[in-house]
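Required output: the full structure, derived from the provided sequences and hints.
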Amino acid sequence: MINRRTFSKAVGLGTGAAAASLTGLQAGASAATPAAGVATAGPGAHADFGRLRHIKAGVLDVAYAEAGPAHGPVVICLHGWPYDIHSFVDVAPLLADLGYRVIVPHLRGHGGTRFLSRNTPRTAEQSAVALDIVALMDALKIDKAVLAGFDWGSRTADIIAALWPERVKALVSTGGYLITNRKAQLAPAAPAVEHNWWYQWYFATERGKQAMEDVDQRIALCRYVWTLVSPTWAFDDATFQRTAEAFKNPDYAAVVLFNYRWRIGLVEGERRYDRYERLLAAQPPVGVPTITLDPALDPFTAPGDGSAYRDHFTGPYEHRAIAGIGHNLPQEAPAVFARAVADADRLA
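In our numbering, the protein residues as written are 1 to 348.
Worth double-checking, as some hints may not be accurate.
[Said to hold, decoys possible] Cut-off 27 Å, straight-line C-alpha distance, at most; resulting in silico cross-link-like pairs (BS3-like, lysine-lysine): (1) 248 <-> 209; (2) 141 <-> 209; (3) 183 <-> 56; (4) 209 <-> 183; (5) 56 <-> 144.
Derived from the structure by calculation, the hints contain no laboratory data.
Here is the structure:
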């Protein structure tokens, strides 16, 4: 646990370098040079994590980045689609500066993460991805952690917080409560909502499958999605290409296609996950301390007071709408995301 004095300095009550980092503005802001080489709170301050680590966990050999002191309180940052661990490349140093041990894994089918057996079905139902992270925590001997994510990462963190709350100290969930209700997804949504999910319907077709299975076409598609869901994020070619390397994983197409097809009932999951999916179908509440974040320019979540999903969170809770930011919130506004993590931990 970070002591009160250290925490106060870090979140801006003091005048240290970590305070400058976390109170920095968004894109283009700079800060005094913090300890551990963190030069700025703005996006793009760091190119990569350096050499990644690997550990066998559940059905996977997980590739993950780690930052911060080995015995610090743990934060696990979880990415979405079409992204990878680089969504947290500027968040991790900020949290490490606060004394956290930060773990950032590549999800199944992404980057250097690999299935241990060629016989394991390349599925990606929501409970399977969540169990991957529980297995990672077990392998790393992490009893409890703050979980923070967006997109697939928010859904995964929400599930762990709902089904295994003893493993979650606090939660930061971008987009709110994202546990998939497959039954509800069978009904048509409003036209504007259906339009936003165009690639989900594309992936349901043979044409979309062929595009995803072609590496060049899949990378072009992912880049296009970036421009749509983060309309003000001026990322450069190098930033995209660093993440695009993760899309070359040999299981990437199978995992992504399965996930989106499974959500809308076109494929069935593995029987080993059925009992978890039955629990999730009941839309279980999340009782751990939580901060939900709504990026105002994210087309998938209307910013506001979070009232649409407020009842799902039964523990200590805060909601924040983030102006001027799109879907990839941690990479677009790393200081905002890092502050939410520290504040969620404080709610615990």
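Status of each hint after checking the structure:
1. 248 <-> 209: 15 Å, holds
2. 141 <-> 209: 38 Å, violated
3. 183 <-> 56: Not satisfied, since the Cα-Cα distance of roughly 34 Å exceeds 27 Å.
4. 209 <-> 183: It holds: about 24 Å lies between the C-alpha atoms, which stays within 27 Å.
5. 56 <-> 144: Within the cut-off at roughly 19 Å; holds.
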